[in-house]
Structures are given as structure tokens and as C-alpha cells.
Amino acid sequence: MKFLTKINRNYFLMLSLLIVMISFAGYFILKTVIFGQTKESLLEKAFLIKKQISETGKIPSLYPLIEVTETVKTSELNPALNEVFIREEGENEQESYTEYSEVISVGTKYYLVKIRQANVESEDLIMAIAIPLLVLMVFTFGFSGFITKKMNQTIWADFESNLSKLENFTFENRAGLQLKNTNIHEFDRLNDVVTRLTKKLNQDYDSLKEFSENASHEIQTPLSIALLNLEEIIQQDLPEVTFKKIVSSINALKRLSRLNENLILITKIENNQFPAGETINFTKLFRNKVEDFEPLIRSVKIEIIWNIENDFYLKINSQLADVIINNLLSNAINHNLDSGFIRFDSSLDKLVLSNPGPPVNFSDDKIFDRFVKGNSKSFGLGLSIVKKICGVNGIVISYSFGEFHSFTLSRKS
Amino acid sequence: MKILIVEDEIELLIAISNYLIKENYTCELADTFTKAHEKVSIFEYDIILLDITLPDGNGIELLKIIRKYNVKAGVIIISAKNSLDDKTGGLDLGADDYMTKPFQLSELNSRIRAILRRRQFGGTEVVTFNEISVFTESKSVKINETKIFFTKKEYDLLLYFIINKNRVLTKEAIAEHLWNDNIELADNFDFIYTHLNNIRRKIKNAGGADYINTLYGMGYKFSER
Numbered sequence: 001m002k003f004l005t006k007i008n009r010n011y012f013l014m015l016s017l018l019i020v021m022i023s024f025a026g027y028f029i030l031k032t033v034i035f036g037q038t039k040e041s042l043l044e045k046a047f048l049i050k051k052q053i054s055e056t057g058k059i060p061s062l063y064p065l066i067e068v069t070e071t072v073k074t075s076e077l078n079p080a081l082n083e084v085f086i087r088e089e090g091e092n093e094q095e096s097y098t099e100y101s102e103v104i105s106v107g108t109k110y111y112l113v114k115i116r117q118a119n120v121e122s123e124d125l126i127m128a129i130a131i132p133l134l135v136l137m138v139f140t141f142g143f144s145g146f147i148t149k150k151m152n153q154t155i156w157a158d159f160e161s162n163l164s165k166l167e168n169f170t171f172e173n174r175a176g177l178q179l180k181n182t183n184i185h186e187f188d189r190l191n192d193v194v195t196r197l198t199k200k201l202n203q204d205y206d207s208l209k210e211f212s213e214n215a216s217h218e219i220q221t222p223l224s225i226a227l228l229n230l231e232e233i234i235q236q237d238l239p240e241v242t243f244k245k246i247v248s249s250i251n252a253l254k255r256l257s258r259l260n261e262n263l264i265l266i267t268k269i270e271n272n273q274f275p276a277g278e279t280i281n282f283t284k285l286f287r288n289k290v291e292d293f294e295p296l297i298r299s300v301k302i303e304i305i306w307n308i309e310n311d312f313y314l315k316i317n318s319q320l321a322d323v324i325i326n327n328l329l330s331n332a333i334n335h336n337l338d339s340g341f342i343r344f345d346s347s348l349d350k351l352v353l354s355n356p357g358p359p360v361n362f363s364d365d366k367i368f369d370r371f372v373k374g375n376s377k378s379f380g381l382g383l384s385i386v387k388k389i390c391g392v393n394g395i396v397i398s399y400s401f402g403e404f405h406s407f408t409l410s411r412k413s
Numbered sequence: 414m415k416i417l418i419v420e421d422e423i424e425l426l427i428a429i430s431n432y433l434i435k436e437n438y439t440c441e442l443a444d445t446f447t448k449a450h451e452k453v454s455i456f457e458y459d460i461i462l463l464d465i466t467l468p469d470g471n472g473i474e475l476l477k478i479i480r481k482y483n484v485k486a487g488v489i490i491i492s493a494k495n496s497l498d499d500k501t502g503g504l505d506l507g508a509d510d511y512m513t514k515p516f517q518l519s520e521l522n523s524r525i526r527a528i529l530r531r532r533q534f535g536g537t538e539v540v541t542f543n544e545i546s547v548f549t550e551s552k553s554v555k556i557n558e559t560k561i562f563f564t565k566k567e568y569d570l571l572l573y574f575i576i577n578k579n580r581v582l583t584k585e586a587i588a589e590h591l592w593n594d595n596i597e598l599a600d601n602f603d604f605i606y607t608h609l610n611n612i613r614r615k616i617k618n619a620g621g622a623d624y625i626n627t628l629y630g631m632g633y634k635f636s637e638r
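Each protein sequence line maps, in turn, to chains U and G.
Positions 1 to 413 (the numbering used here) are the ones given, in order, by the first sequence.
Positions 414 to 638 (the numbering used here) are the ones given, in order, by the second sequence.
If you're looking for bench data, these hints aren't it; they were derived computationally from the structure.
Yeah, the Cβ is synthetic: ideal placement off N, Cα and C, and Gly gets one too.
Here are the simulated lysine-lysine pairs, DSS-like style, with alpha carbons at most 27 Å apart: (1) G:Lys552 - U:Lys289; (2) U:Lys254 - G:Lys566; (3) G:Lys565 - G:Lys552; (4) U:Lys254 - G:Lys435.
So the derived list for chain U, only partly shown, Cβ under 8 Å to chain G, looks like this: (5) Gln220; (6) Leu228; (7) Glu232; (8) Ile250.
Same shape as in the complex, but just chain U:
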């Protein structure tokens, strides 16, 4: 929710609450005032009627407003104010009246005087209060909406421009982060903090990058020394057991070195350290790779099936494209059946690579996790690297296992 929307909403809620409270208070106050007025005017009328009867002997009658009847009893009825409902002739609804009744004595006669005054209907009263308030409310909001919109264009403009600068911040292109001075204390404070934080981030990023590069260098150098020495040792005449032990040590060290390279590759992908890509024909790239590896593929008796409707293109760094292709292809070869096949289904919007093979012994969504491996002697990094590359390049890679293991490459919609 936008800051202004939030403020406006709170403002609206508070004001609504206030208006409801004012309406209630107004309603009761008005009602009391009207009742007081009614009572006063009824007493006044009663006094006039009494005066008229005693002076002229005429008994006034104006139903339902004035009703005077002769009566005998005197003591029982005290003056009283009541609310009564009377249905007038020709009308369906009962009207509410305030009735004042009093027994008066004129000479020897007693009269029961009932004087009534129609009440203001509650609905009318509510409308009289609510409509002006509602109109006021609508105007207030319209006006404040207009004002905030104007303010948004001026006061918030610098903030928005700084925000979009921050949104576009990347470690590759970080020289350009110059936040605009807004002349608003809070925003400038935020700018200071952000500038300080990004400076720190840049430093951390650089030192991390340097560290991983150094780590790679530092690990590969002793590995190189060990490997070169072992390579020299196997040149001598050695008993079989010794020879085999040394060769397996060489292979273990090489695996360690490859693992190191892969982890560094992952870091580099995560850090977005690969320059922007170009549009690459993946179908063609797979074809070339399969051609390169034709002797290998033939030696494991895997058939390659091409089902090309259209060539599939992706925009990506060419080195990373090569990594994707290598890893997917080696995965399809290494987890295939004897005399199995690899099928490529290529169309404009996706490329599917399927191969038969035993089901994996972990859940489908774990297949891209690091160090998750089936029965291969690999590290379980290949597919996680593929996933990572796809993630930072807007490519969707998905896995499913129906009849075959299928990996689908497509563009993020």
C-alpha cells in the first residue's frame, strides 16, 4: 500500500468515526432541545385554554391538537406529559405526538384538557444532521485527495527518484548511486543511512569477491603441487597396489579441485559477475555439443532423437549457456539406461530434454538442490548450477518424471 493511500485511509477512518460520534451527539442534543421547546409551548397553550374557558365559557376543540372533555373526578389526574400515537383519518401511519394532559376547574365544572403537538420524526432529524455532514465529508476528502496528489508530485518527487535509483542498484553498475538532496529532514536522513549502508555493502561485496578469488587461488595452488608431484611419482616402476593408490589419490585431488571450481562458479553466478548475454540458439548449441560428444555417446550406446519444430532461443551469457548445456547433457547421459536414448523436443517457446532412467530416490523438487545426487559419483552440483543460472537470467527450468525424466527450459512469461 502506498504511503499516501495509507495516510488517507487512516485519515478517512478517523474522520468517519468522528462524524458518526458528532452525529449521535447532535441527534440527542437536538432531540432534547426540541422536547424542551414542545413542553414549553404546550404549557403555554394549556394556560391560554384555561383562560379562554374561564373568561368565555367556550370549550375549544381542534382534534387532535386540542381536546377538552368535561369530567367529574378531580384528584386522580395530575398534569402529565406523554408520548402518544394517533392515527389520523385518511392516513395509514400513526403519527407521534407529545401530549400534555391536565384537569382544570372552571367554576364548579372540571375539564380534562389534552393538548398535543406533533413530534419531529426521528428519520427527518437524522437526515437533517447526516446530509450536511456527509456533504462536508465528501468535500473534505475530495479536497485533501487533490492536495496530497499535488504534494506527491512535488514533495515526493525527489524521494521517488531516489527510490528508483536504489531499485536499479546492482553491484555491476554501482558507480552511479548518487542520491538527490530532498530538503526534507526525514528523507535526507534516510539518504544518509542508505548511502552509508551501500558503501558498506560495496566494501563487503568487494572483499567477499576478493576472498573467493583468493580462496580459489590458494586452494588450487597446493592442489597443483600435489598433483604434479604425484604425476611424477607414477612415472616410476611401481607395484600395482602402489600405482593404483596413487592414481586414486590423483583422481580424488582432481575431484576436489573441480568441486572448488564449481562452488566458485556458483558464487560468481549469485554475484551476477557474468556480463550480459546475447540471444543464443539453444537447439543449435545442443546439436553442436552432441556432435562433439558423439564418440562418447556412441560408446555408452545412447541414441539421440531430435524432434525439432522450431529452434529455441534464450538471451544469456554464452559461457553460462555452455554450462547449462554441459550439465543437462551430462545429467541425461549419466542417469540413462543401458542402450537408452535422449530426446530433444524443441519449439519456439520451450526445449524439453527427456531420457529414460530409474526414478530418483528423493522428491522431485529436491532435484535442483545442492549436493543432492542420485547414484552418480558427481557432487550433485550440476543441476543446482543450472537452476541458479536460469534463476538470474529469467529462464524457467522445470523437472518432471512421468514415463521419462524430463527437463524443460522456457522463458519466464
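Given the structure of chain U, go ahead and fit chain G onto it with the hints provided.
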């Protein structure tokens, strides 16, 4: 052939030079930028092995200097950083090849020979081993003066063997030579066996001897019995 090895790690420097001396090269060593700078500005070399990370300077800077004084020298960059920037940067600046640590000495030898061939023999070297002659320009092979057809990979493998003759090569080293960066793909090494059998058969059919010796199923050695 004179080789300058620029590498700050002494043990690595010694291991590489010991090997190259055995392969009949003359070696000079430099473990700092300053020493290397001095040497390349005075002497001429056929091959310079250049480490990028040096304690007192960057190998890439050295490469610029080398290209100024030692135009003839073939340069192989040896780096622990498998970084594309270094690789393309180095090759753009006139390096002939780029190797990532750790590497095999046999592979280093192959690369050195390839550069020497290109730079000094104009690519027309004939590599021979008894009755086998490999013509590097036309990438063809003659056995007892008869031209025999080898596939690209078989040719690569045969040349690699002859250049590294009398040397024990593990299956992994061979796979790495044939497939380079795609080694992860070559998880399964059976195909090497297939290649070797094809080479053996072709040489034998042309009246040649079998020089490929198997070592306990884990390595091979190309030599006279």
C-alpha cells in the same frame, strides 16, 4: 628450446622445470615480477609460462612487456583463476594459450609443442615415432608410408601419446586432454578404451606394432615394449 617459467610458488616452479628439463628443454626460472621483467627484457625465449598472480605485479602487465621485447616467444598463461576476463584479456593481449591450475604436465607438454609447431615450424612439423608419422599441418597419419585415416579424436589421442611417449598417462588425464572443460560430461571413461582399440587396430592393420601399454587398467603408456 628455451623456456622461461614465471611462477611465484617455488615448489610448482621446481616441479614444472624438472619435468621440462627431462623433456630436453632449457629452463630459466623467475618467481617475481621484477625478476621476470629483467629476464624478458634481456634474453630471448621460445616459450614463456606465465602465472597471472605474482607477489609484486600482475602477469597481464608482464605480458604487455613480453610482447614488446620478445615478439617471437610463445606465451602460455597459467592461472589459478578460471576467470573468463583473464582468459579473453590474456588471449587478446597476445598470449597463445591459457591453462588453469591444476594442470597435467603431459598436457602442458602438448600445448608447448603445439605452440612451437605453430610459431616456429609454420605448423608443418612431422612428429614421428618409429614407423608412425603424424603430419600436423594436414592432420594426417602415415604408417610405413601408407596414409591411414584417423578420426579427429583418434588423431588427437595419437599425437598426444607420441608427444608424451614413455610417459604414464592416466585415463582421466587422457579424457581431460580430449574434452577440456567438458570433462564433467566425460564421467564415463569407457569411450577411451574404444578409441584406443580403434587406434591399435588401425596401426596393426597397416603393419605397425602395438605401442600402447595398459598399466593395471588405470593408465596407459606409449612406448616400445
